[in-house]
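In my numbering, the protein residues as written are 264 to 784.
Please keep in mind that the hints were generated in silico from the structure rather than gathered at the bench. Do not take every clue at face value.
The list that follows gives simulated cross-link-like pairs (lysine to any residue, SDA-like), each with its CA atoms no further than 25 Å apart [unchecked claim]: (1) K618 x E770; (2) K641 x R572; (3) K542 x K618; (4) K502 x P449; (5) K641 x M591; (6) K465 x A501; (7) K781 x A765; (8) K641 x T659; (9) K593 x V506; (10) K398 x K328; (11) K542 x F580; (12) K469 x Q425; (13) K542 x W441; (14) K641 x S760; (15) K447 x V506; (16) K542 x D528; (17) K593 x E770; (18) K469 x N426; (19) K593 x R575; (20) K469 x E418.
The calculated label-pair distances, taken between Cβ atoms and stated as ranges, are [stated by the list, open to error]: (21) G621 x E294: 16 to 22 Å; (22) Y759 x E454: 42 to 48 Å; (23) S703 x A738: 31 to 37 Å; (24) S703 x A301: 36 to 42 Å; (25) D311 x G621: 43 to 49 Å; (26) E331 x E454: 32 to 38 Å; (27) E470 x S753: 36 to 42 Å; (28) G599 x L756: 31 to 37 Å; (29) S644 x K334: 55 to 61 Å; (30) G599 x D762: 36 to 42 Å; (31) R498 x R740: 57 to 63 Å; (32) K502 x E454: 22 to 28 Å; (33) T500 x L756: 57 to 63 Å.
Note that the structure is predicted; figures quoted are calculated from it, not measured. Virtual Cβ for every residue (Gly too), placed ideally from N, Cα, C.
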Amino acid sequence: MTVKTFAAIDVGSFELELGIFEISASAGIREIDHVRHALALGKDTYNDGRLSHEIVEEMCEVLNKFREVMKTYRVSDYRAFASSALREARNSQMVLDRILVRTGLRVRTMNNSELRFKSYKAVAAREEEFQHTVKNGAALMDVGFGSTQISLFDEEVLVSTQNLLLGVLRLSEMSAHWRVDYRKIPAIIDELVENELYTFRKIFLKEHQIETLIATGETMNYMISRGMHEKGGARFTAKEFGVFCEKLIGMSSEEIQERYELPQDYAEVLIPSAILYRKVLDMTGASYIWAPGTTLCDGIAAEYAQENRLVRFHHDFEADILSTARQMAKRYRCHGAHVREVERSAEMIFDATKKYHGLGVRERLLLKIAATLHDCGKFVSITRGSESSYQIIMDTEIIGISHLEREVVANIVRYNIQEYAYDEVILESDLSQYAGLGTSRRELTILIAKLTAILRLANSMDRSHRQKLSDSRIAVRNGSLVITTDCPESIVLEQYSFDQKADFFEEVFGIRPVLRQKRGV
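Let's have the full structure, built from the sequences with the hints guiding it.
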């Protein structure tokens, strides 16, 4: 039995964490050690916009100690990620370089959707209990120090997820500036949270029945272990949890610190955390709350194990990503039948031309997302639909894909209609932060061109939006990509559009697409 020793490092807004895991196909993922060090990076970033020299020095010292622990366990591989406090700091690039030089550790910043997807995978890795919970309608609430993510499940599939700037450290720092008696602060935070949740409730929650609130986040783990004296995986009724929250909210941070034996920094964020969880619990009408006790390190390990095929999860995470994209298309009133047909055709073209494009499953997923969202901009402007689609995608987080991958999708959709400009493709991401996709601008420009050529051709095959070519077969024959249909109707619109898109497809892949109708009209 092959056992891999893996380390996960989380450079969070409030603390640095190291998880040491043993991963094997037979035993799954098992944490064998966990080290944490409180360090409020978020206070610097949220107050001053940058990380101070003193904070960076302490961070490097802690990370060097983490390296010593990793050596002790003979770790064979690691992943280190940083969240919003480091990502949003103005001097983040210099800090990342100092960490690399001082510790030898390569830390990558995550955007919010990547971070939340890892946290979600940590919960989903507890497969039996997770599947049982989401089967009857659930909301996953991940409260962080910088923001809060709420994800909704319907029939075991993730259907919607939204990020709210309601992080407990942000709320705690904000309340520190209010010149009021501490006993009035919970009511003010409650009012603020109510206002921020109003839009979420009206737009996203109205169609969903929620039985269980899945509560994750470091503050929840502390509330459960210290306050309710339970270990991770605890379940409570909404009433039981509500009683605990009321008791906690009625205490000062000093009383919380003394009663639950917590450091002051942790005690200060428990009240806003309790208010957030209680508010969402009331808003969803959930009967139960499940606190699985997972950490981001668990999620990093789960994702590593999945990507390296060390363990196999039964839950389909790709389906979750596509589901959120489809819900987004629905929100912008995209033509559902047309979108499904374009996605189907794009998949078939991609699969038939593998030897010509050399792309993999991740790029196939990005193509499917682009096909799903290619018309979303028409909700804003019919005449400038492709540009509006680009802006919508860039302004909307799609959980499970990185910011760079979102840029790839947005550009594919933009150039679905516009002439492809090789030298003008907009890429804002720091390419040094990414691996997996092409890491140079040239490679990314070529990737976008390839997927754009496929999307254009697939879109042309349903130019009338009547799915006339739904029976089409696709094969490569004698140096041509031959698409054959038995459609008895006129396909003049499809043929005309197809011929217009064929030149760019041939330019990109070196193979000429041909559309054939077997029975003439």
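Hint-by-hint comparison with the structure:
Using a Cα cut-off of 25 Å, the hinted pair K618 and E770 holds, with the two alpha carbons roughly 16 Å apart. Between the alpha carbons of K641 and R572 the distance comes to roughly 40 Å, so the proposed pair goes past 25 Å and is violated. As the CA atoms of K542 and K618 are separated by approximately 53 Å, the hinted pair breaks the 25 Å bound. A distance of roughly 19 Å separates the Cα atoms of K502 and P449; the hinted pair therefore holds under the 25 Å criterion.
A threshold of 25 Å between alpha carbons decides the hint, and for K641 with M591 the separation of about 13 Å falls inside it, so the pair holds. Taking the CA atoms of K465 and A501, the gap is about 22 Å. The hint holds against a cut of 25 Å. For a cut-off of 25 Å, the pair hint linking K781 to A765 stands: about 19 Å separates their Cα positions. Distance restraint check for K641 and T659: the Cα-Cα separation of roughly 16 Å lies within the 25 Å cut-off, and the hinted pair is therefore satisfied.
For the hint pairing K593 with V506, the CA-to-CA distance comes to about 39 Å; that exceeds 25 Å, so the pair is violated. Of the supplied pair hints, the one linking K398 and K328 is violated, its CA atoms being roughly 43 Å apart against a limit of 25 Å. Using a Cα cut-off of 25 Å, the hinted pair K542 and F580 is violated, with the two alpha carbons roughly 28 Å apart. Of the supplied pair hints, the one linking K469 and Q425 holds, its CA atoms being roughly 14 Å apart against a limit of 25 Å.
Pair hint K542 plus W441 holds up; C-alpha atoms about 21 Å apart against a cutoff of 25 Å. The hinted pair formed by K641 and S760 meets the criterion: a straight-line CA distance of about 19 Å does not exceed 25 Å. The suggested pairing of K447 with V506 holds, with an alpha-carbon distance near 19 Å, which does not exceed 25 Å. Restraint check for K542 and D528: satisfied, since their Cα atoms lie roughly 23 Å apart, inside the 25 Å limit.
Of the supplied pair hints, the one linking K593 and E770 is violated, its CA atoms being roughly 34 Å apart against a limit of 25 Å. As the CA atoms of K469 and N426 are separated by approximately 17 Å, the hinted pair is consistent with the 25 Å bound. In summary, the hint linking K593 to R575 is not supported, as the alpha carbons are separated by about 31 Å, beyond the 25 Å threshold. The hinted pair formed by K469 and E418 meets the criterion: a straight-line CA distance of about 16 Å does not exceed 25 Å.
The hint said 16 to 22 Å for the Cβ distance between G621 and E294, and at roughly 38 Å that hint is violated. The hinted range of 42 to 48 Å is not satisfied by Y759 and E454, whose Cβ atoms lie roughly 59 Å apart. The beta-carbon spacing between S703 and A738, approximately 33 Å, falls within the hinted interval of 31 to 37 Å. In this structure the hint that S703 and A301 lie 36 to 42 Å apart at CB holds, the actual value being about 39 Å.
A beta carbon spacing of about 46 Å between D311 and G621 agrees with the range 43 to 49 Å that was offered as a hint. With their beta carbons about 47 Å apart, E331 and E454 fall outside the hinted range of 32 to 38 Å. The hint said 36 to 42 Å for the Cβ distance between E470 and S753, and at roughly 39 Å that hint holds. Checked against the hint of 31 to 37 Å, the pair G599 and L756 fails, with Cβ atoms roughly 20 Å apart.
In this structure, S644 and K334 meet the distance hint of 55 to 61 Å, their C-beta atoms being roughly 57 Å apart. Between G599 and D762 the beta carbon distance is about 27 Å. The supplied range of 36 to 42 Å is therefore violated. Look at R498 against R740: about 59 Å separates their beta carbons, and that is inside 57 to 63 Å. About 23 Å separates the C-beta atoms of K502 and E454, a value consistent with the hinted range of 22 to 28 Å.
A hinted range of 57 to 63 Å holds for the C-beta pair T500 and L756, which are about 59 Å apart.
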